[in-house]
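**Student:** Given next are the chains, with one letter for each unit.
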Amino acid sequence: EDQVTQSPEALRLQEGESSSLNCSYTVSGLRGLFWYRQDPGKGPEFLFTLYSAGEEKEKERLKATLTKKESFLHITAPKPEDSATYLCAVQPSRTPQGGSEKLVFGKGTKLTVNP
Amino acid sequence: EAQVTQNPRYLITVTGKKLTVTCSQNMNHEYMSWYRQDPGLGLRQIYYSMNVEVTDKGDVPEGYKVSRKEKRNFPLILESPSPNQTSLYFCASSLHQGTGELFFGEGSRLTVL
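These protein sequences, in sequence, are chains A and B. First residue of the first sequence? That's 1 in the numbering used here, and the numbers climb one at a time after it. First residue of the second sequence? That's 1001 in the numbering used here, and the numbers climb one at a time after it.
What the hints contain is simulated information worked out from the structure, not anything from laboratory work. There are no misleading hints in this set.
DSBU-like, lysine-lysine: derived pairs with alpha carbons at most 35 Å apart: (1) B:Lys1057 with A:Lys69; (2) A:Lys57 with B:Lys1071; (3) B:Lys1017 with B:Lys1057; (4) B:Lys1057 with A:Lys42; (5) A:Lys107 with A:Lys57; (6) A:Lys57 with A:Lys79; (7) A:Lys79 with A:Lys107; (8) B:Lys1018 with A:Lys107; (9) B:Lys1071 with B:Lys1018; (10) B:Lys1057 with A:Lys57; (11) B:Lys1065 with A:Lys42; (12) A:Lys107 with B:Lys1017; (13) B:Lys1071 with A:Lys59; (14) A:Lys110 with A:Lys63; (15) A:Lys107 with B:Lys1069; (16) B:Lys1065 with A:Lys107; (17) A:Lys68 with B:Lys1057.
Keep in mind the model is a prediction, meaning the values are calculated, not measured.
Take the sequences, apply the hints, and build the full model.
**Tutor:** See the structure below:
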């Protein structure tokens, strides 16, 4: 069964204190791994797509990396506005029956950055 | 502005009273999907549609119906809501099938008493 586990569930940082969020996955072939940001009361907002081990993507203070079994979201010198829940999702490879259009989401890491 | 619009945003209803949550996107996206988000369970897919008149079940389709008569609209129908359908619902769309880069709506919080 395809599964995504995110850790930690919650993380508190001081402004400027860099850290990483983890997303480990088991999937029957990986088409893509996705990171989303979700603010309270809002829908998830797409951040990154990673397709193959070794790939990295960056956006402002965020950098996402991918290995064969996990992905990391590195946050460098975070600011209070980076506080949000970060969701990881994987897209399994296509099944013999055709498309695999669903994403399997993890439960998220709630990040709080204190000023 | 590119967006996915859901209505209503908040709804309290009673068991058995049929309701529809509308979803509309203005990006000419082919693919649309409904998710529910519950504490401790994360986002789970209810139904998806790869194009007009093409819909399929996700992981938790029981108790829900959908239709895709127009490309921009993908309503979620609860024929006879029950308390276990109390949840936060999200509609999402993407340019085409097979991409995980989804645009999400703002969410619809549904309470079934």
